[in-house]
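What follows is each chain in one-letter form.
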Amino acid sequence: MTLRGHGALFWRVAAISVVVEFTKPKRQARKPGTLILVAPSVAVLLLWMIVPLVMTLWFSFQYYNLLNPAGAGFAGIDNYRFLITDPDFWASLGNTLILLGSVLAITVVFGTLLAVLYDQPFPGRNIARLLVVAPFFVMPTVSALIWKNLMMHPIYGVLGFLARSVGLEPVDWFAEYPMASVILILSWEWLPFALLILLTAVQSLDHEQREAARMDGAGPIAQFFHITLPHLGRAISVVVMIETIFLLTVFAEIFVTTSGGPGNATTNLAFLIYARALIQFDVGGASAGGVIAILLANIVAFFLVRTIARRLEV
Amino acid sequence: MRSSLTAQLLIAVLGWGIALLMFFPIFWMVLTSFKTEGAAIATPPQLIFAPTLESYAEVQSRADYLSFAFNSIAVSVGGTVLALAFAIPGAYAMAFHPSTRTRGTLLWMLSTKMLPPVGVLVPIYLLFRGAGLLDTRIGLILIYGLMNLPIVVWMLFTFFKEMPNDILEAGRMDGAKAWGEVWYLLLPLTLPGVASTGLLSLILCWNEAFWSLNLTSSAAAPLTTFIASFSSPEGLFFAKLSAASTVAVAPILVFGWLSQRQLVRGLTFGAVK
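Going down the list, the sequences are from chains A and B.
FYI, the numbering used here numbers position 2 of the first sequence as 2, with every residue one higher than the one before it.
Each position in the second sequence, counted from 1, maps to that position plus 1000 in the numbering used here.
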C-alpha cells in the first residue's frame, strides 16, 4: 500500500484512534439496518444481469428477425443448429481463440520480462515506466486508428516508410496479414496492463530473499526461475483471467480496422454476433451466439472468482 | 562489481529503448496533429516541420466536435456519479457491518462483471429501442453506471476496510446517523481512496467502446464513436484524426498516470497489491 499518498490521512487516523481508544464506550454500538444500504446495489445488478440474460436465452429459442416480423415463433434448437452448421461460426470461434491465445502469450511473456526489467534501477526509470504503460490508457478506437493509418498504412504509414528505406516492398498489413495486425494492436494495448500488474507483484518480492539467493551463488537466470517466477504465479493467473474476459469479446479494434474482413479472416465471436444482430437483424441467431459467448466467459470466470475469493478477507 | 557496469548500461538502454518504442505511436499521433494535412502524409515522414494548430482549429470549429466531447464528459461523469451513489452505502455497510452474506455478495457482484457485453447486446438493444433510450446520454449513463458498479463497490470496500471502526463508533456516540457517519466522517477520511475509485471509473467510462459504438450514433455519441467515424475511407485525414485523438486521449492519459497503483488494485479486485 502507498502510505506516502495517504500519509497525512494516516497520521490523522492514528491520532483519532488513540483518542477513541481511551474514550471507548462500554455498551454495544447499535447496528443500523444495513440490508437497506446494500440492497439497492444488489437489486440493480441483479436486474442488469438477470433480465438481459433471460431475454438472450429466450430469443435464442425463437425465430425472430426484425426485418421479417411475420416469421416469428418458437424455434426450438434451430438457432443453435444453424449456428453450429455455419462455417462462419466455427471460423469466428477459431479466430476468437487464436486472438486470445496469441495476445495472452505475447503479453504474459513480455509482460513478465519487462516487469523484471523495470524493477531494475536505471536513470529516468520512472519516466520510462510512464511511457511504457501509456498505451493502456488510450481509448480502443484511437489505438486502432493510429495503428491502421499512421503506422501500418502501406503508403503513408511509418512502417511502410521503414520498409522502403531498407529496400523492401511495403506491406499492406490489413489486407495481407489481417489477423496478425489485429493481434499486434491488441498486444500493444494489453502489454502495459500485464506489465502494470506484474511490476506491482515483482515490487512486493522480498529483496532479502533474492539477496540471500545471490549470496548462495544463484545467477540472475536461476534467481528469475526459482524466486521471481514462482512469486509471480498468482499475478500471472490474474492477468491471464482478466485479459481473457476482455479478449474473448474484442470488438472496437476489429470494428474500426477490418470490420471482420477480409472475408471472415478477423471475424471473432463478438463481431459475428454484432453483425447478426445489428446488420442482419437476426435476433434469434445472434442470441444463440450470445449464449455461447456467455458460456465461454463463464468457464474463465469460474476460475477467476475462485482465485480472488481465496484472497478476500471479510 | 565491475561486470555489472555493462549490465547496468544494458538495462538502461533496454529500458529506454522499449519505453520509446511503446510510446512511439502516441508520440507520432501528437506530432502529426501539429502538421498540415499535406505534411501528415508526406513521404518520407517529416520529423521537422513548421508546426501548425490548423488541425486543432478545424476539429474544434466543426460544430459537432464539442458536442461529442461534451457527451464524453457527461456520460463519464454521470456513470461515475451513478455508480458511486449506489456503491458508497453498499460498501459502507459491507465494510463496517459485515454479515455472513457479505463475502458471498461481494463475489457475486464480481461475477456479474464476467457477463460479456456482447452476450446481452441483443436484449439491451431491444430494451433501449423500446424505451427510447437509443442514442441518449441517459441510456449510456445507465449502462456505464451498472457496468462499473461492481468494481466501484469492490474498491470502496477495500479502502473502507482500512479505516478503523473506532472512529465511526465515536461519531455514532455523538449521535450521528448512518448517513451522517458516512458523509461527515467516512468520506472525508477516505477521500483519496474514493477519489481514485472515481478516477478509475471515469477512465473506464471514457474509453468504453462497445456500448457507445452500438447504442449511440450521433446525438449522444461520445468521442470513442466520433473517432471511429474516421475509419471510413472518405475520412482519411491524418492530421485531423491525430488532433481529435490527441484531445480525446490526453486528459485520460494524465489521469491514468496519476492513479496507476490504485488502478492495479481496482482492476484486479485487490488480488494483486
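Wrong hints could be hidden among the right ones.
To give an idea of the interface, some chain A residues facing chain B are shown, with a C-beta separation under 8 Å as derived from the structure [to be verified]:
#	residue
1	F224
2	F225
3	H226
4	A275
For the chain A half of the interface with chain B, some residues (derived, Cβ under 10 Å), not all of them [said to hold, decoys possible]:
#	residue
5	L46
6	I98
7	I146
8	I155
9	F161
10	M179
11	I197
12	E253
13	A265
These aren't lab readings, by the way, just hints derived from the structure by calculation.
By construction, the Cβ of each residue, glycine as well, lies at the ideal position given by its N, Cα and C atoms.
So, going through the hints one by one against the coordinates:
no. : hint : verdict
1   : F224 : violated, 14 Å
2   : F225 : violated, 18 Å
3   : H226 : violated, 20 Å
4   : A275 : violated, 11 Å
5   : L46  : holds, 8 Å
6   : I98  : violated, 18 Å
7   : I146 : holds, 5 Å
8   : I155 : holds, 7 Å
9   : F161 : holds, 5 Å
10  : M179 : violated, 18 Å
11  : I197 : holds, 5 Å
12  : E253 : holds, 9 Å
13  : A265 : violated, 17 Å
The structure is inconsistent with the numbered hints 1, 2, 3, 4, 6, 10, 13, although it conforms to all the rest.
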